[in-house]
Amino acid sequence: MHRPGQPLVSASYLDKKINKSGRPLPSSIMYFSIMHFRYFAPLGLLLFATALPAQTVWQFFSARYYQDMPNGSEKSDRIRDLEYDGWKNSDTLIDLDQKQHIRTVDLSPLVDEMGEAVFLVSEVSPEFPGGKAGLQDYLQNYLGDLMAGPSEGAQNMIYVKFVVQKDGSIQGVSFANPVPDWISPDIPQRCLGAVAQMPPWTPGAYRGRPVKVAFMVEIGLK
103 MHRPGQPLVS ASYLDKKINK SGRPLPSSIM YFSIMHFRYF APLGLLLFAT ALPAQTVWQF
163 FSARYYQDMP NGSEKSDRIR DLEYDGWKNS DTLIDLDQKQ HIRTVDLSPL VDEMGEAVFL
223 VSEVSPEFPG GKAGLQDYLQ NYLGDLMAGP SEGAQNMIYV KFVVQKDGSI QGVSFANPVP
283 DWISPDIPQR CLGAVAQMPP WTPGAYRGRP VKVAFMVEIG LK
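In this note's numbering, the protein residues as written are 103 to 324.
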């Protein structure tokens with residue numbers, strides 16, 4: 103984590119640019135820690151969970167480490183360890199001088215307006231039909247020439263967050279960080295529409311039960 107007095111102007115984290123405070127450029131939504139003590143009876147969980155719109159781009163990047171792991175006992179063990187550690191995940195940030203800084207990210211489950219747990223990491227990750235390749239093809243077909251192809255460099259990134267429900271449907275679609283002012287307003291709305299109209303996903307699961315999982319997609323624009 104950056105400390106006052108260090109000459110950190112911008113840096114990269116998981117290939118993403120960040121500002122002095124360690125947030126993605128353009129800056130993401132502020133994270134306000136509003137804690138609730140909840141008992142989620144269906145899962146037998148007694149935990150602290152943050153109020154729902156508390157996710158930041160950083161949380162999604164950090165959660166992706168776990169979500170991208172193959173489903174199985176090793177992944178389950180790693181997530182149980184994460185739960186034991188209070189859902190605090192330590193990540194490494196590399197600044198422009200190639201110095202490493204440890205950043206602790208809170209991956210606690212969230213609480214939605216129904217009072218239900220929404221997980222950032224799950225033992226079985228939600229999956230789009232056809233996996234990552236299927237999702238890429240879907241977005242490319244929906245957005246057409248707005249979206250940069252795999253071999254093209256993206257000029258701007260739009261981060262869209264949503265919740266995969268227990269039945270695989272998509273709800274709560276919104277931007278995960280402010281959209282740059284120089285992007286035409288109709289383009290971000292098309293990105294939201296693409297995500298909102300996705301077909302049902304395979305839902306996530308935790309401790310053998312379907313759970314709601316917060317997710318984020320990155321859309322690279324030409």
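Since the hints were derived computationally from the structure, they do not count as laboratory data.
Note that CB positions come from ideal geometry on N, CA and C, so glycine has one too.
Please note that the accuracy of each hint is not assured.
[What the hints assert, rightly or not] What follows is a list of derived Cβ distance ranges for each label pair:
(1) E176 x T304: 43 to 53 Å
(2) P287 x N173: 38 to 48 Å
(3) P287 x S178: 38 to 48 Å
(4) D283 x Y186: 40 to 50 Å
(5) K234 x E176: 14 to 24 Å
(6) K190 x D247: 41 to 51 Å
(7) T206 x E176: 16 to 26 Å
(8) G217 x I289: 30 to 40 Å
[As the list claims (entries may be wrong)] Within a straight-line C-alpha distance of at most 25 Å, the following computed DSS-like cross-link-like pairs (lysine-lysine) qualify:
(9) K234 x K324
(10) K177 x K190
(11) K268 x K177
(12) K190 x K201
**OP:** Could you grab the alpha-carbon distance between K234 and K324 and see if it respects the 25 Å cut-off?
**Re:** holds, 20 Å
Original post:
Between K268 and K177, does the CA-CA distance stay at or below 25 Å?
Top reply: Since the Cα atoms of K268 and K177 sit roughly 20 Å apart, the hinted pair holds (cutoff 25 Å).
Subject >> K177 paired with K190 [C-alpha distance capped at 25 Å] >> reply: holds, 16 Å
Original post:
Taking the beta carbons of T206 and E176, is their distance inside 16 to 26 Å?
Top reply: Holds - the Cβ-Cβ distance for T206 and E176, about 23 Å, lies within 16 to 26 Å.
**OP:** With a cut-off of 25 Å on the C-alpha distance, tell me whether K190 and K201 pass.
**Re:** Distance of about 22 Å is within 25 Å: holds.
Original post:
Using the C-beta atoms of E176 and T304, is the stated range 43 to 53 Å upheld?
Top reply: Check failed, 20 Å falls outside 43 to 53 Å.
Original post:
Quick one: are K190 and D247 within 41 to 51 Å, going by C-beta?
Top reply: At roughly 42 Å between Cβ atoms, D247 and K190 fall inside 41 to 51 Å, so the hint holds.
Original post:
Does the Cβ distance between K234 and E176 fall inside 14 to 24 Å?
Top reply: holds, 20 Å
Original post:
Between P287 and N173, does the C-beta distance stay in 38 to 48 Å?
Top reply: Between P287 and N173, where Cβ atoms are some 39 Å apart, the hint holds.
**OP:** With respect to the beta-carbon atoms only, verify the hint that G217 and I289 lie 30 to 40 Å apart.
**Re:** holds, 35 Å
Original post:
P287 and S178, beta-carbon distance inside 38 to 48 Å?
Top reply: Roughly 43 Å apart at Cβ, these two residues keep to the hinted range, so it holds.
Subject >> Hint check for Y186 and D283 - Cβ pair distance inside 40 to 50 Å >> reply: Hint holds: Cβ distance 43 Å, inside 40 to 50 Å.
In terms of the numbered hints stated before, the structure departs from hint 1 and from no other.
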